[in-house]
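J.: As a plain string of letters, each chain reads:
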Amino acid sequence: MKYLFTIFAVLTAVLLSYGLYQALVVAPTEQTMGEVQRIFYYHVPSAWAAFCLFFVNLVASIWYMVRRNRKADALALAAAEVGVVFCTIVLVTGPLWARPVWGIWWTWDLRLTLTLVLWLIYVAYLILRKFSTSGQTPVIAAVLAIFGALDVPLVYFSIWFFRTQHPQPVVGGGGSIDPRMLHAFFINLIAFSCFGALVCWSRYRFEMAHRDVEDRQALESIMEAGASR
Amino acid sequence: MNYLYAAYAATWIIHIAYLGLLARRYARLRQEIEELKKK
Chain P
1 MKYLFTIFAV
11 LTAVLLSYGL
21 YQALVVAPTE
31 QTMGEVQRIF
41 YYHVPSAWAA
51 FCLFFVNLVA
61 SIWYMVRRNR
71 KADALALAAA
81 EVGVVFCTIV
91 LVTGPLWARP
101 VWGIWWTWDL
111 RLTLTLVLWL
121 IYVAYLILRK
131 FSTSGQTPVI
141 AAVLAIFGAL
151 DVPLVYFSIW
161 FFRTQHPQPV
171 VGGGGSIDPR
181 MLHAFFINLI
191 AFSCFGALVC
201 WSRYRFEMAH
211 RDVEDRQALE
221 SIMEAGASR
Chain C
1 MNYLYAAYAA
11 TWIIHIAYLG
21 LLARRYARLR
31 QEIEELKKK
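Protein chains in written order, with our numbering: chain P, 1 to 229; chain C, 1 to 39.
If you are wondering where the hints come from, they were derived from the structure by calculation, not from laboratory data. Incorrect hints may appear among the rest.
[Said to hold, decoys possible] Straight-line C-alpha distance at most 27 angstroms; calculated DSSO-like pairs for lysine-lysine:
1. Lys37/C to Lys2/P
2. Lys71/P to Lys37/C
3. Lys71/P to Lys130/P
4. Lys2/P to Lys71/P
5. Lys2/P to Lys38/C
[As the list claims (entries may be wrong)] Covered by chain C, according to a simulated footprint, are these stretches of chain P (three or more residues, beta-carbon under 8 angstroms):
6. 40-46
7. 61-72
8. 83-90
9. 94-105
10. 196-208
On a predicted model such as this, the values are computed, not experimentally measured, just so you know. Virtual Cβ for every residue (Gly too), placed ideally from N, Cα, C.
Taking the hints into account, I'd like the entire structure generated from these sequences.
T.: Structure representation (structure tokens):
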């Protein structure tokens, strides 16, 4: 398993480096927006990775609700935490792209607002996981995650069904794009997906080890209390 | 151009900061495991 992780990590590092080269050097400069359009190669794959991780969180939460499986609970937590990191990147790179193109950092447009709400839902999920001491915390968190995940399709389809400031999708939305741009985009999409999976895997392994240690410490303290009586 | 570099830099700063946080948590966990082994 350790070798598999190392191989996957090396492969991801190669893909990320190649993706960076494609985005900054190979992909042509867009005519209207200029160089700043290259933010697209990080902004959209980050959003994609966040959506995938929130989907993993949803599946793991449902799995936990059905089976009460502690691995599912640990996976849900890991996916939500890494998903929030990627969603943060979306919310940081978006305004950095909007400022030179739209002339404003932020607007209360439907997609932007729903993305912020999505981020807030999962931050609330993580705060709940961190500070709640109730034995029912995993169940409450799983319910929050299941309802929170409903925001993901709303974010995705908001630009299809509503008139928004956010541009319509170029890839898969009927627009045309230079093949070199498409290549750079897909390389980064794969690279960010692999990176998200790798970090989530690492976070999951940490969570399982952490829970084992906590169980062991609880057992030790029970045994110590029993011995002192 | 500055916005482009800012966006790319911000992406990697956020990722590196999170990985650093994970590494710190791992180190603390390893310390706890060592303490349990000593018992």
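J.: Check, residue by residue, whether the stretch 61-72 of chain P contains three or more positions whose beta-carbon lies closer than 8 angstroms to a beta-carbon of chain C, and give the verdict.
T.: Check failed, 0 qualifying residues.
J.: Within the stretch 40-46 of chain P, is the number of residues with a Cβ closer than 8 angstroms to a Cβ of chain C three or more?
T.: It holds, with 3 qualifying residues against the three required.
J.: Would you say the stretch 94-105 of chain P counts as covered by chain C, given the rule of at least 3 residues with C-beta under 8 angstroms?
T.: holds (count 4)
J.: The stretch 196-208 of chain P covered by chain C? Criterion: 3 or more residues, Cβ-Cβ distance below 8 angstroms.
T.: It holds, with 4 qualifying residues against the three required.
J.: Are the Cα positions of Lys71/P and Lys130/P separated by 27 angstroms at most?
T.: 17 angstroms, holds
J.: Taking only the CA atoms, is the gap from Lys2/P to Lys38/C under or equal to 27 angstroms?
T.: 26 angstroms, holds
J.: Closer than 8 angstroms, Cβ to Cβ, for at least three residues: run that test on the stretch 83-90 of chain P against chain C and report holds or violated.
T.: Holds: 3 residues of the stretch 83-90 of chain P have a Cβ under 8 angstroms from chain C.
J.: Starting from Lys2/P, check that the Cα of Lys71/P is at most 27 angstroms away, please.
T.: 19 angstroms, holds
J.: Does Lys71/P pair with Lys37/C here, judged by a C-alpha cut-off of 27 angstroms?
T.: Measuring from Cα to Cα gives roughly 24 angstroms; hence the hint holds.
J.: Given the hint that Lys37/C pairs with Lys2/P, does the C-alpha gap stay at or below 27 angstroms?
T.: Answer holds: Lys37/C to Lys2/P is near 22 angstroms, not above 27 angstroms.
In the structure shown, a violation is registered for the earlier hint numbered 7 alone.
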